[in-house]
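Under the numbering used here, the first residue of the sequence shown carries the number 114, and numbering increases by one thereafter.
In case anyone wonders, no lab produced these hints; they're calculated from the structure.
Don't take each hint at face value.
[As the list claims (entries may be wrong)] Per label pair, the in silico range of CB-to-CB distance:
| id | residue 1 | residue 2 | range |
| --- | --- | --- | --- |
| 1 | T240 | S271 | 17 to 25 Å |
| 2 | G196 | L341 | 39 to 47 Å |
| 3 | R386 | I193 | 22 to 30 Å |
| 4 | G242 | R371 | 29 to 37 Å |
| 5 | R327 | N190 | 27 to 35 Å |
| 6 | A321 | N246 | 47 to 55 Å |
| 7 | E222 | R360 | 18 to 26 Å |
| 8 | L239 | S292 | 35 to 43 Å |
| 9 | N246 | E290 | 39 to 47 Å |
Idealized CB from N, CA, C, for every residue including glycine.
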Amino acid sequence: MDQANGLRKMVRNRTYHMDGGKGVTRDSVGSPSPRVVAVTSGKGGVGKTNIVGNLAIAFRRLGKRVLILDGDLGLANIDIILGLNPVYNIKHVINGEKDLAEVMVEGPEKIFIIPGGSGLHELVNLTNGQKLNLLNEFDRLNEEFDIFLIDTGAGISSNVIYFNIAAQERIVVATCEPSSITDAYALMKVMFTQHGTRSFELLVNMVAHADEARSVFENLSNAIVHFLKDISLEYVGFIPKDDDFQRAVRQQCTVLQRYPESESSKGFSELARRLLANPGNTQCDGNIKFFWRKLMNCQ
114 MDQANGLRKM VRNRTYHMDG GKGVTRDSVG SPSPRVVAVT SGKGGVGKTN
164 IVGNLAIAFR RLGKRVLILD GDLGLANIDI ILGLNPVYNI KHVINGEKDL
214 AEVMVEGPEK IFIIPGGSGL HELVNLTNGQ KLNLLNEFDR LNEEFDIFLI
264 DTGAGISSNV IYFNIAAQER IVVATCEPSS ITDAYALMKV MFTQHGTRSF
314 ELLVNMVAHA DEARSVFENL SNAIVHFLKD ISLEYVGFIP KDDDFQRAVR
364 QQCTVLQRYP ESESSKGFSE LARRLLANPG NTQCDGNIKF FWRKLMNCQ
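With these hints in hand, go ahead and build the complete structure from the sequences.
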């Protein structure tokens, strides 16, 4: 597509100079860093990947440039939800076969996706040279995007934990099912007790009404206050369950594209507005390159 080719050309043509050993674009100094947000869950089946796809569309409609990383190693399917068929993934970048701009694919409404695939497993085994090359590739993206969404896997595996630790913000998705609430608590507990992560945001999906979503939040919040104490859990909203959302899932597209007037579509639009109104954990080091540096533990 023309937009994809244009982005690839911009990324390749970035001019770098050395500043303290790090590659920096000439026009990056003083520019706002992309917001790096992991969307995660304690268990599968809560609609996490659909949330990522719809939230990306909602951000685009508010004028934000969005990049998605498919970080669900066990069930990578953001491409299916967005109607894409990527040929390459990040493994081709690691192996030096493709540059990052060639791997990225353009999705609906000009959002961009980095297919993860099995290549993400190899990040911990890279040589220092490979790490540096990959970091420099991602450094080039900082000027091209406003929001970087990571679709993590579900559960408490090491890969899920590492993606969450590396992100600026973590949106935990849960439903009203008791097992979903319990697993969301377990995920936050592991990240807090083992890695010192204290800040989380809760999104409740597939609920009948706002009171039901609030009840889920209050249950989780009370458990955290009682047992963990030092964790900050912020309620960012809910997505109502409706038939149109389920139809869009079966049709392998986002509900915002297919049924923009549905209640769930309105929920995604409101969620995007609420997140943009709240600056979140906007640290100065919260950019795409810093995410990958933390993920690979590259000092």
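Comparing the hints with the structure gives:
1. T240 x S271: 17 to 25 Å: Hint holds: Cβ distance 21 Å, inside 17 to 25 Å.
2. G196 x L341: 39 to 47 Å: The hinted range 39 to 47 Å holds for G196 and L341, with Cβ atoms some 40 Å apart.
3. R386 x I193: 22 to 30 Å: holds (27 Å)
4. G242 x R371: 29 to 37 Å: violated (45 Å)
5. R327 x N190: 27 to 35 Å: Because 30 Å falls inside the window, the suggested range holds.
6. A321 x N246: 47 to 55 Å: Holds: the Cβ-Cβ distance is about 50 Å, inside 47 to 55 Å.
7. E222 x R360: 18 to 26 Å: holds (19 Å)
8. L239 x S292: 35 to 43 Å: Taking Cβ atoms as reference, L239 and S292 lie about 36 Å apart, which means the hint holds.
9. N246 x E290: 39 to 47 Å: holds (44 Å)
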